[in-house]
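Colleague: Here's the letter readout for the chains.
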Amino acid sequence: MNIWLVIIIGQILVNNYVMCQFFGICPFLGVSKKVDTALGMGLAVTFVITLASFITWMVQYFILVPLNLQYLQTIAFILVIAVLVQVVENALKKLSPSLYQALGVYLPLITTNCVVLAVAVNNITDGYNLLEATMSGCFSALGFTLALLLLAGIRERLELSNMPKWMQGFPGALITAGLMAVAFMGFGGLI
Amino acid sequence: MAEPQKKSFLPVFLNGLITENPTFTLMLGMCPTLGVTTAAMNGVAMGLATTFVLVFSNLIISLLRNIIPDKVRIPAYIVVIASFVTMIDLFMQAFLPELRAVLGTYIQLIVVNCIIFARAESFAAKNPPLASLADGLGMGLGFTCSITLLAAVREIFGSGTCFGLQVMPAGYQPMAIMNMVPGGFITLGVLMILVNVIKRVAARRSEERKEEKLA
Numbered sequence: 001m002n003i004w005l006v007i008i009i010g011q012i013l014v015n016n017y018v019m020c021q022f023f024g025i026c027p028f029l030g031v032s033k034k035v036d037t038a039l040g041m042g043l044a045v046t047f048v049i050t051l052a053s054f055i056t057w058m059v060q061y062f063i064l065v066p067l068n069l070q071y072l073q074t075i076a077f078i079l080v081i082a083v084l085v086q087v088v089e090n091a092l093k094k095l096s097p098s099l100y101q102a103l104g105v106y107l108p109l110i111t112t113n114c115v116v117l118a119v120a121v122n123n124i125t126d127g128y129n130l131l132e133a134t135m136s137g138c139f140s141a142l143g144f145t146l147a148l149l150l151l152a153g154i155r156e157r158l159e160l161s162n163m164p165k166w167m168q169g170f171p172g173a174l175i176t177a178g179l180m181a182v183a184f185m186g187f188g189g190l191i
Numbered sequence: 192m193a194e195p196q197k198k199s200f201l202p203v204f205l206n207g208l209i210t211e212n213p214t215f216t217l218m219l220g221m222c223p224t225l226g227v228t229t230a231a232m233n234g235v236a237m238g239l240a241t242t243f244v245l246v247f248s249n250l251i252i253s254l255l256r257n258i259i260p261d262k263v264r265i266p267a268y269i270v271v272i273a274s275f276v277t278m279i280d281l282f283m284q285a286f287l288p289e290l291r292a293v294l295g296t297y298i299q300l301i302v303v304n305c306i307i308f309a310r311a312e313s314f315a316a317k318n319p320p321l322a323s324l325a326d327g328l329g330m331g332l333g334f335t336c337s338i339t340l341l342a343a344v345r346e347i348f349g350s351g352t353c354f355g356l357q358v359m360p361a362g363y364q365p366m367a368i369m370n371m372v373p374g375g376f377i378t379l380g381v382l383m384i385l386v387n388v389i390k391r392v393a394a395r396r397s398e399e400r401k402e403e404k405l406a
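Protein chains in written order, with my numbering: chain A, 1 to 191; chain B, 192 to 406.
Hints may contain errors.
Claimed, not checked - 27 angstroms max Cα-Cα, derived DSSO-like pairs, lysine-lysine: (1) A/33 with A/93; (2) B/390 with B/401; (3) A/33 with B/390; (4) A/93 with B/262; (5) B/262 with A/94; (6) A/165 with B/390; (7) B/401 with A/165; (8) B/317 with B/401; (9) A/33 with A/165.
Unchecked claim - Part of the chain B face toward chain A, derived, beta carbon under 10 angstroms: (10) 219; (11) 276; (12) 301; (13) 378.
As the list claims (entries may be wrong) - Counterexamples of contact, computed for chain B against chain A with all Cβ distances above 10 angstroms: (14) 218; (15) 255; (16) 354; (17) 365; (18) 379; (19) 405.
Keep in mind the hints are simulated off the structure, nothing from the lab.
Owing to the predicted nature of the structure, the values given are computational and were not obtained by experimental measurement.
We put the CB at the ideal spot given by N, CA and C, even for glycine.
The following block holds chain A by itself, in its conformation from the complex (with noise of 0.2 angstroms):
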């Protein structure tokens, strides 16, 4: 019971991929400008990383141990990811066309989203069982979801206040996600 709640916890606020670790940052910074466009986002991330977990999980366990192949792990992972995006999308278009036009833009962008294979690379690392990895996948992403919704939040008010000229977009996006990161480190001793 333990190891779920640190797992949990830890995914979602302690290490945060984003606020804490640095991984995820351009679609955090790049569709961070509407709370819809963002929770989009951040349910199709969620949905690929936990269906990448897994799938990672077994590629490196099944194929590349027993042959001895561990030095392939990037482009297995990324073949892995790639391909798994795809399936997403299309299995999307045919099955919900609706929701495949809400998140449709967003997969592709999925692909090159760090937090996908680093999430994948550290499963491996941490050295977690199939369940573990899985879950851990699934809350890593809730996470990055997390922090992509707030910042959004903040930036939709950001829009309507009075900012110099030169401040307005990304430099103060950064400024914003900078101050946010000052209040997920006060996570820190959580665990």
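We have chain A already, so just place chain B on it with the hints.
Modeller: Chain B only, in chain A's frame:
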């Protein structure tokens, strides 16, 4: 595939280095930019590793640009990029193990660095090999310069040193936060404000000059 455009080496190179600097103008490749820049040396190493991958993946993709079918181009690019990343990763593990330990997962994550992907898609796939090489070199060095700058600023304030040499006076109290996540975001934000201000001043100057010429 588009017609090969005639582009000479130098303008393409300078375009990547300055005009379209990947960090400050295109906002690409943010994760390594922020993640490894706690010391200037890490910035240089990360930048050079990325440059290596960028130059060779651009070259190979440009050579293959008429062979790769459009539909499978993304997996094809990824395989090319991932091969070079694996090469540099194994090289660093063998010859620079300490640096590899510091940079950690970020070396593997060069695969998903959007700069490399974006350049493959938007430049190497449409241009001849030599121009693509220049583009890779320019973009890579532009990236190296900007992350080294960011890393140097963070190192000076965060540890009082620059490339490991003491630069701050002995009584300086290092700002630990600069070495942590918030410091990275805020330093980059401040640097971008500076870049914006410089650009606006430069744009105003050149407009004034044009008006003078007209008058």
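Colleague: Each hint: holds or not?
Modeller: Now for the hints, and whether the structure bears them out:
Taken as a hint, the residue 33 of chain A and residue 93 of chain A pair is honoured in the structure, with Cα atoms around 25 angstroms apart against an allowance of 27 angstroms. Of the pairs offered as hints, the one joining residue 390 of chain B and residue 401 of chain B holds, with about 17 angstroms between alpha carbons and a cut-off of 27 angstroms not exceeded. At most 27 angstroms may separate the alpha-carbon atoms for a hinted pair to count; residue 33 of chain A and residue 390 of chain B meet this at roughly 24 angstroms. Straight-line distance between C-alpha atoms of residue 93 of chain A and residue 262 of chain B comes to about 17 angstroms, which keeps the hinted pair within the 27 angstroms bound.
Of the pairs offered as hints, the one joining residue 262 of chain B and residue 94 of chain A holds, with about 19 angstroms between alpha carbons and a cut-off of 27 angstroms not exceeded. Note on residue 165 of chain A and residue 390 of chain B: the hinted pairing holds, with a Cα-Cα distance of about 13 angstroms set against a maximum of 27 angstroms. Proximity of residue 401 of chain B to residue 165 of chain A is assessed by CA-CA distance (about 24 angstroms); at most 27 angstroms being required, the pair is judged to hold. About 34 angstroms separates the Cα atoms of residue 317 of chain B and residue 401 of chain B, which puts this hinted pair outside 27 angstroms; it is violated.
Simply put, residue 33 of chain A and residue 165 of chain A have alpha-carbon atoms about 17 angstroms apart, close enough for the 27 angstroms limit, and the pair holds. Residue-level restraint check for residue 219 of chain B holds (minimum Cβ-Cβ distance to chain A is 7 angstroms; threshold 10 angstroms). Below 10 angstroms, beta-carbon pairs count as interface contacts, and residue 276 of chain B has one with chain A at about 6 angstroms; its hint therefore holds. Interface restraint check: residue 301 of chain B against chain A, minimum CB-CB distance 9 angstroms, threshold 10 angstroms, status holds.
Hint on residue 378 of chain B holds. Least Cβ distance to chain A is approximately 8 angstroms, under the 10 angstroms limit. Interface exclusion of residue 218 of chain B from chain A breaks down, the closest Cβ pair being 6 angstroms apart, not more than 10 angstroms. Listed as outside the interface, residue 255 of chain B is consistent with that label: its C-beta sits roughly 17 angstroms from the nearest C-beta of chain A, beyond the 10 angstroms cut-off. No beta-carbon of chain A comes within 10 angstroms of the beta-carbon of residue 354 of chain B; the shortest separation is about 22 angstroms.
With 10 angstroms as the threshold on Cβ separation, the claim that residue 365 of chain B sits away from chain A holds: the shortest Cβ distance comes to roughly 17 angstroms. The non-interface label for residue 379 of chain B is inconsistent with chain A: the shortest C-beta to C-beta separation is roughly 5 angstroms, within 10 angstroms. With a least beta-carbon separation of about 26 angstroms from chain A, residue 405 of chain B lies farther than 10 angstroms from that chain, consistent with its non-interface assignment.
Violation of the numbered hints given earlier is confined to hints 8, 14 and 18; the remaining hints are satisfied by the structure.
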